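Chains as they are written, first to last, in our numbering: chain A, 1 to 488; chain B, 1001 to 1485; chain C, 2001 to 2102.
No lab work stands behind these hints, which were simulated from the structure alone.
Check before you lean on any hint, since a few could be wrong.
[As the list claims (entries may be wrong)] Computed list of chain B residues with no C-beta within reach of chain A, every gap over 12 angstroms:
#1 Asp-1019
#2 Ser-1054
#3 Arg-1061
#4 His-1090
#5 Ser-1105
#6 Ala-1256
#7 Ser-1259
#8 Glu-1261
#9 Arg-1269
#10 Arg-1299
#11 Val-1301
#12 Leu-1387
#13 Leu-1415
#14 Tyr-1422
#15 Arg-1477
[Unchecked claim] Keeping only pairs whose Cα atoms sit at most 25 angstroms apart, straight-line, the calculated SDA-like set for lysine to any residue is:
#16 A:Lys-90 <-> B:Ala-1376
#17 A:Lys-90 <-> C:Gln-2050
#18 A:Lys-469 <-> A:Asp-439
#19 A:Lys-142 <-> C:Ala-2080
#20 A:Lys-90 <-> B:Lys-1394
#21 B:Lys-1101 <-> C:Ala-2080
#22 B:Lys-1101 <-> C:Gly-2086
#23 B:Lys-1394 <-> C:Pro-2051
[Claimed, not checked] Residues on chain B that point at chain A, a partial pick, calculated with CB under 7 angstroms:
#24 Ser-1050
#25 Val-1104
#26 Tyr-1107
#27 Ala-1141
#28 Phe-1205
#29 Val-1208
#30 His-1237
#31 Leu-1240
#32 Asp-1241
#33 Ala-1242
#34 Arg-1258
#35 Glu-1320
#36 Ala-1326
#37 Val-1331
#38 Ser-1370
Every value quoted in this text rests on a predicted model; they were computed, and no experiment measured them.
C-beta: ideal position from N, C-alpha, C; glycine also.
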Amino acid sequence: MTAPVTADARLAAWEMVVGLEVHCQLKTRSKAFCGCSTAYGALPNTSTCPVCLGLPGALPALNGHAVELAARAALALQCTVHPVSVFARKNYFYPDLPKGYQISQFDQPLATGGHVDIGVRADGSPIRVGVTRVHMEEDAGKSIHDRYPGVTAIDLNRAGVPLIEIVSEPDMRSAEEAGAYLRVLKQILEYMAVSDVSMEEGSLRVDANVSARRRGQTALGTKTEVKNMNSFSGVERALEVEFWRQVGVLEQGGTIQQQTMLWDGASGEVRPSRTKEGSHDYRYFPEPDLPPLVLSTDWIRITGENLPELPADRRIRFVRDYRLGEYDVDVLTASPDLADYYESVARAHDDPKAAANWVMGEVLAQLRSTGQGIDEFCVRPQDLAQLLNLLRDGVVSHTAAKQVFARMVATGDPPAQVAEREGLIKVDDDAQLAGWLDDVIAEHPLEAERYRAGEKKLQGVLIGAVMKKSKGRADPKKVATMLGERLH
Amino acid sequence: MSAGTPRTSAAALRATVRDGSVTTGATVEEALQRAHDVKAGMDGLNIFVSLDESFLMDHARGAATQLADTEPGALLGVPVALKDNIASLHHPTTCGSRLLKGYVSPYEATVVTRLRAAGAVPFGKTNMDEFAMGSSTENSAYGPTRNPLAPDRAPGGSSGGSAAAVAAGIVPIALGSETGGSVRQPAAFCGVVGVKPTYGRVSRFGLVAFASSLDQVGVFGTTVDDAARGLRVIAGHDPLDATSVDAPVPDYSAVATRSIEGMVIGRPREYFPETLDTRVRARCAAALARLEAQGAVIRDVSLPHTSLAIPVYYIIAPAEASSNLARFDGVRFGVRLEGDGLRGMYEATRTRGFGAEVLRRILLGTYVLSAGYYDAYYRKAQQVRSLIADDFTKVFSSGVDVLFTPTTPTPAFALGAISDPYEMYMSDIFTVTANLAGVPAMSLPIGRIDGLPIGGQFIAPHFEEERMFAAAFALERALGAEAHR
Amino acid sequence: MAVTLQDVQHIAGLARIGLSPAHAATLVAELNTILGHMEVLARVDTEGVQPSTGVGAGGLQSRSDSSGAVPLARSLDAFAPALRDGLLLVPRLSTHESTEDA
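With the sequences and hints as input, model every part of the structure.
Here it is, written out as structure tokens:
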């Protein structure tokens, strides 16, 4: 009987190896092989035609825009896009697969050989995850198993929506690395405007391949496939659970059975899928209804040159041009829309740091409370910039500025108009200020006396009261000076 | 009128409708009457799977009035029969299968749209070997079609019904489909003209797929000109078919008067083996002599990989078919049979819905694509296919304009005579090569043996249909009535 | 490369075809005969020969993203075997967690 092994000791002994397969819906208006709309929310089976219904005699016709988006994604992942790629049929039976085969790509995919940098090691070298391939394929329809008793209901609106499949090398060594890869990948795809990349909405799906091996071993252990994760954190948790299950088996001297495991987020368990082993012979062969896809090297090069700015490049530029720190840059570039918003503000106001503070502070707080996205936010960046200009020029005080902002959010009106209308323009007038100060001193005799006696820290309370009385319009600096003169 | 007497050509029909002396309604009525007279129905020749007489008459009346003020279509008023694997909006599209009994397509094939735009009247759906798999129309779930020239004989297949519809004089033009000779072989057996265009010449959108890299819609005609007119109307690029080619469509009828002086006609030795029936050989020789007499030059050539064509075809075609027929699962359309759960439904529907030959080919096709066998069978066959195609390329670039061969090794065999599947496959031996290479080919009658028609075949380079039509027009003119003796 | 009964049963499963034992046995014989004729291909030298690909040496033409769909002249309820609330119905899968199960 051996001594109990600590968790740390186990982690020191065993290494997790992870590869991820990500399916991403491309943001086209029509489907991959027919003109049906991809718009979400149509009544069941109304966004269909002979082609995506797989009716006898129908044939696929390729959507050029899907090719463009797929190539853009592949180039953004540093892949080589091949001038010739071939569509292939992946044959299997399932009720939401109308033709009994999926049009995909097999041994001549659109792109291969890319990578994604997911972080930096202590020595400054990037943690790099290889991208084996990016290929195009079509989505299947939806199967609804529990709406009616004893039957499965099929909606083919989604059948034929264009997808790219992004396959990584088994380069990840922990659940954290897997999570980091997914977050970086999602951000890149968002920046490239190729997909909505939402796991919640189903435009991004993840399958994981995970194996365990003794640390120091170079050969890969037997892997299992884990499916049915609905979020990035779900992926991370599922990987942990499956890894330790495998380690448990291996520690007992057992062997890992190559199989598909399904994640159950509610119970936090993985269990084997009940499909039969060996039933997946897809009998791939080149799709005879589609000649090879030929892309000119010029087109590939120009597509690469015209890529939207990559997140990594945007971050470098923000550090350089706006002299922002790493934390600020990460927050502001989290999504391309937010980054665009910030830049519009920063360009119209001369203090990028002030702009950053306002966007990260007031703007994001507002968005968090309403659950809106930055693209739905009603304060235009030029207006926010104008508010910051007013603040810089002393036209409104800091407190007033916050109130103006709140009114701008409520009405969508520009700041000068709001400040004017609400009477929030800063008051400089000595007589006004003296009047308010007198009132405050009269209303707070104890604090005034203690301040006069030497408790200077009560300045904040007294000035605060003046600010409140003046509805934020008083110039706090001036009030401070006056207070010092009045009560000494 | 009995089979064999001169029938009204499409050109003549159109002319009478155009000049108003005959209405479209009248042409349709006459075709329906003719169908009755020759006993085209189930107890007789069994040419049609469906023929909705009242619908056709109503439609015909409408058509006659509607075209009054537009440019009269090239096939105005001409009834054209459609093989039952071509999607049409009215009559069911059964593909000769139990599985699609009563299935009315919710969209129509591009070729049918083009026919209607030219003023033609789609005239019923003709019988065929199930899913186009067969060479005799005996594999239909709706009974075999009988050869109008000899009712105890097969009309050929898989487009036997369409060939018979033309041979019986019901319609001057009919559409069929080719995968391995399924238009040319029945044309030869029934004594009519049958054309397989270059792969990609005619849209396949709406043609129920058998083997996607081989399938083409083909045209039957009473005469070479009928077939030429039919092809001209349906040919041309279709954005809905990614394998259709964007190339201009010439007026094929215009080569009717082209001289064939100096045309080099190749006679490939592999199509004239020692074992060839001497009477077939004699008819071919007589045809070539006629061509020579008009100034053509006959040259012996070789297509060395010909003997590999049947094995190559019977790997590629079933492989693609096994995939194309996966959509017949009872889920979205067609007949559904119950079983134990979903898997049971699939199996019951497919096992009882498909006939024996279709099941055989699906299994053969699944096997040659399956893990471990793909390279040895499917990939290998596609490589040898390239060699077969190269044979044609080499011969055509050596100064040969067209090739001439017998269409089939024998005339029509008796119904029920061939039960061995591979023996049935061998009747495609002279036709299959053109499908594999994608080149255009056509058959026309060149005589009779014991009263049964024999066909001669022209094969041309890709997109050179005009050349083969020119040769065919010349031969047809030279043979005259001898073609049917 | 002889086809065995197991092979036939396996591919029948892949093709969702149910074979009685008698039918399966017949097919073993038939497929072996047919494939026997294909043996000749193994002897052909195809070194360096490209498998036939489709037409269009210029490559695949693509359509615009807003090209519009082929309309259905009849809606699904005219030809679907089992429909409810617009959804196609099939017997429920026994293992219904993921695709490729049936």
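Structure-based check of all given hints:
no., hint, in the structure
1, Asp-1019, "holds, 37 angstroms"
2, Ser-1054, "holds, 26 angstroms"
3, Arg-1061, "holds, 29 angstroms"
4, His-1090, "holds, 15 angstroms"
5, Ser-1105, "violated, 7 angstroms"
6, Ala-1256, "holds, 33 angstroms"
7, Ser-1259, "holds, 37 angstroms"
8, Glu-1261, "holds, 39 angstroms"
9, Arg-1269, "holds, 32 angstroms"
10, Arg-1299, "holds, 34 angstroms"
11, Val-1301, "holds, 30 angstroms"
12, Leu-1387, "holds, 18 angstroms"
13, Leu-1415, "holds, 28 angstroms"
14, Tyr-1422, "holds, 24 angstroms"
15, Arg-1477, "holds, 37 angstroms"
16, A:Lys-90 <-> B:Ala-1376, "holds, 19 angstroms"
17, A:Lys-90 <-> C:Gln-2050, "holds, 22 angstroms"
18, A:Lys-469 <-> A:Asp-439, "holds, 9 angstroms"
19, A:Lys-142 <-> C:Ala-2080, "holds, 17 angstroms"
20, A:Lys-90 <-> B:Lys-1394, "violated, 35 angstroms"
21, B:Lys-1101 <-> C:Ala-2080, "holds, 13 angstroms"
22, B:Lys-1101 <-> C:Gly-2086, "holds, 23 angstroms"
23, B:Lys-1394 <-> C:Pro-2051, "holds, 18 angstroms"
24, Ser-1050, "violated, 16 angstroms"
25, Val-1104, "violated, 11 angstroms"
26, Tyr-1107, "holds, 5 angstroms"
27, Ala-1141, "violated, 15 angstroms"
28, Phe-1205, "holds, 5 angstroms"
29, Val-1208, "holds, 4 angstroms"
30, His-1237, "violated, 12 angstroms"
31, Leu-1240, "holds, 6 angstroms"
32, Asp-1241, "holds, 5 angstroms"
33, Ala-1242, "holds, 5 angstroms"
34, Arg-1258, "violated, 33 angstroms"
35, Glu-1320, "holds, 6 angstroms"
36, Ala-1326, "holds, 2 angstroms"
37, Val-1331, "holds, 5 angstroms"
38, Ser-1370, "holds, 6 angstroms"
Violation of the numbered hints given earlier is confined to hints 5, 20, 24, 25, 27, 30 and 34; the remaining hints are satisfied by the structure.
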